[in-house]
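A.B. asks: Chain residues, written in single-letter form:
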Amino acid sequence: MSQQPSLDTFPKYLLRNAEEYGNRAAMRHKDLGIWQTWTWKELLEQIRCYSLGLQALGVSPGDKVAVIGSNRPRLYWSFAAVQALGAVPVPVYAESVAEEMQYVLEHAGVKYAVCQDQEQVDKIQSLEDSLPELKHVLYDEPRGLRDYDHQALHSVSAVIEKGAELYKDQSVVNAWQDGIAAGKGADLCVMLYTSGTTGRPKGVMLSYDNVLISAINGSTFDKLDHTEEIIAYLPLAWVGDHVFSYGQFLTAGYCVCCPESADTIDVDRREIAPTYFFAPPRVFETLLTEIMVRMEDASNFKRRMFRYFMEVANRSGEKILNGEDVPGKDKWLYKIGSLCVYGPLRNRLGMSRVKVGYTAGEAIGPEIFRFYRSLGINLKQLYGQTEASVYVTAQPDGEIYSDTVGKPSIDVELKISDDGEVLYRSPGVFLGYYKNDEATASTKTADGWVMTGDAGYVDDNGHLHIIDRAKDVGKLNDGAMFPPKYVENKLKFYPNIKEAVAIGNGRDYCTALINIDLTSVGNWAERNNIAYSSYQELAGHPSVYKMIEEHVNEVNQSLSSEPQMAGAQVRRFLVLHKELDADDGELTRTQKVRRSFIAERYGPLIDALYSGAQQQDITTEVVFEDGRRGEISATVQICDMQTYDAEQLRKSA
Amino acid sequence: MNKGAALSSGIDTGEEILSVRNISLSFGGVKALTDISFDLLKGEVRAIIGPNGAGKSSMLNVINGFYHPQQGEVWYCGSKRKSLKPHQIAYQGIARTFQNIALFKGMSTLDNIMTGRFTHMRSNIVSQAFWRGPAEREEIANREKVEDIIEFLEIQAIRKTPVGRLPYGLQKRVELGRALAAEPVLLLLDEPMAGMNIEEKEDMSRFILDVQQEFGTTIALIEHDMGVVMDISDRVVVLDYGKKIGDGTPDEVRNNQAVIDAYLGVPHE
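Going line by line, the protein sequences match chains A and B.
Heads up: the first sequence begins at -14 in this note's numbering, then just goes up one per residue.
Heads up: the second sequence begins at 25 in this note's numbering, then just goes up one per residue.
Rather than coming from a laboratory, the hints here were simulated on the basis of the structure.
A portion of the hints provided could be inaccurate.
[Claimed, not checked] Computed spacing ranges between beta-carbons, pair by pair:
1. N513/A with A30/B: 13 to 23 Å
2. M290/A with A153/B: 34 to 44 Å
3. R255/A with A153/B: 25 to 35 Å
4. E352/A with P75/B: 36 to 46 Å
We treat Cβ as the ideally placed atom computed from N, Cα and C, and that holds for glycine.
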């Protein structure tokens, strides 16, 4: 694969791939139960017609085009079709409710919007008054839209057909190709809005150079080429998906598969068996919980076989994956285990062919991480940011430690500031925040260093450890360090705990709000003949409390064994009566806990945790899927915990 | 083959597609229906409501050909209908769902919906046994229709799941799918939302409206949730003790004194 100097934008890569890989599969989409495939040649043809059609609608260089929906081929085509015209795609989180979308669309000043379906079109149309610049709206799936006014509304198919007509005119096509040739690597490539863990979303501007170089470096690092197949299922607006399913898709020339729907991913993944896989820790946790739940229901023989071989894998699996030496007996047992347990499990997970799998976004529980690696799946951790076009650090093959996020990626410089914050500089560093110079200046220094806002340190092996968000690491009143995420992650490692929020900064002791995992606890309740009619009832059940109490107790023991963290043991906890939900603003769209918002919303509960009360009434407003509001109220029990003295435990041990 | 499309082709949207005229039905001494008349216009959603035991399901069973009334006539697509068996009526383009789900529990969603295509299949047992050729082509064509329905009802994730393992709300959706597979001209839904939670009801309402808009299917439904009925139906007919006590748009029915009495209760002499 010769690297021509002129290959500096994605549309240019599209032209190259059509020439170089012509009849190789470029994209698949499961439609009507069958995987439909486009080759690179066909893909170019579709995108070219689409782009010409968009041009006819008036899309011109510099225009912002919103792309809203799930992972549909045509939405990915939109990126290239828009970029070929010198315009800038702005992917938007499809789950967002209209008000959340309004800010992004207004701020970006979008002139066109490509929507997946009626749901998204409705949202856009409800915002029309506040988007005076919006000219045309496109949609992919026509269902339900037949009776809409089609003055400024077009189906993507119609636009592509229109483009196909224009394609017959050679001068138009030449002009289009000249337009692509005129693109430069320094041009604005895409605008990605941060999910807004803190405050308003910010529009991160990335140039072609940023995304391209990062994508190529990433492929080099993991030796990815045009033979890979991946499944695209993460939000389009997330930088990870943009780099994996678009950036590397075009630069490496591999095949991207779009699932049938959000609910069928597990089945679709099994059918495709991707060779390169990316998922946030949450996905791995859910999969593991499902496996464990199913194993509990399996026959006695299977369960025992599973337990036995998982023990073998636990002992030697990781070492075998790392190429280290293990006792001869384990070598053989692992081979038998591969036949009976690991292989079928990998197949079930759709990971039989995974060359490299990544997890990022949050810390992954060490046990979960080890579980997948011991099955022979090369799962690694990565630390990245939108502002860095993903890659900051990644774990190189053979150097996997579950508590680090790896070494700096190719071309990335890393340093730790005096107050412990992680800083980096790389070719992937963003141009700036759109229309927000103030935020740009406070994040990016004049000589190109970006402040991550994460506290961390580099160990003797050169690996980066992330402790927590720098501003989240607090202190208890007695001066002990309080890293909330560290405590939460320890709690969340238990399959029964879906989400945890630790509180303690500026308080006398540490407490926790806990969310149970309905799948896991529900199954447990069924097996133990515990009747319940709702999430709320199950969450408040005394036996559930008892079980969670055991988990918290173990966490306290584990915290007490680490001298710096011993002070952060959980003194009191409660189980929340409702699931934390992004629709209620308690989680971000990327499913991260919004701590300050929760502190405000559950104020009475938190006061009760520190007042010594044994129970507390609470009423919370909830938002249903369709946007209507309702209230739920509950009396929540509070549980006191034993804490362990760091010194004593060490003595007795 | 299914003659529904051919029969109804001459009827424009908004014209009468089916009417029941002076229907009376009794079981021994029990009068289930007394002198009921109403019509269905092509492309509308027509709700049949009434308190328990009002005769709503009996009415659907008459339209469906399952019951044969002692008196009265059913007119379908412009001509008086002879007394037919239910499967013959299915061939005329009328499909239905049931109050208590009537699916094949051990079969997958896909297979269940496939059974709804029987009125569109010609191949006999011999050609099925040989398989290659016409029978295979027919199956592929029908499978495509079924996949369209699966996508339409957003049940791709349960395509291969035995329906017995599905929650109630989804089973109801599969049943709707099977009825749709017949590509009906007239769709009869017997309490499609019974036992569902708010979210499932909203999904189902949207599917019903989508069916009406996308396929132009005429829909007659029985439903107890008044909010849903008033939201999605074009016209409502109200039965009580086997008699028709109201007929009109949702607003008219809501303000009809006889209907209010039937629901809130007045002493019957």
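A.B. asks: Confirm or reject each hint.
C.D. replies: Now for the hints, and whether the structure bears them out:
1. N513/A with A30/B: 13 to 23 Å: violated, 60 Å
2. M290/A with A153/B: 34 to 44 Å: Given range 34 to 44 Å: holds, Cβ gap about 42 Å.
3. R255/A with A153/B: 25 to 35 Å: holds, 33 Å
4. E352/A with P75/B: 36 to 46 Å: Since E352/A and P75/B have Cβ atoms about 58 Å apart, the given range 36 to 46 Å is violated.
When each numbered hint is compared with the structure, violations occur for hints 1, 4.
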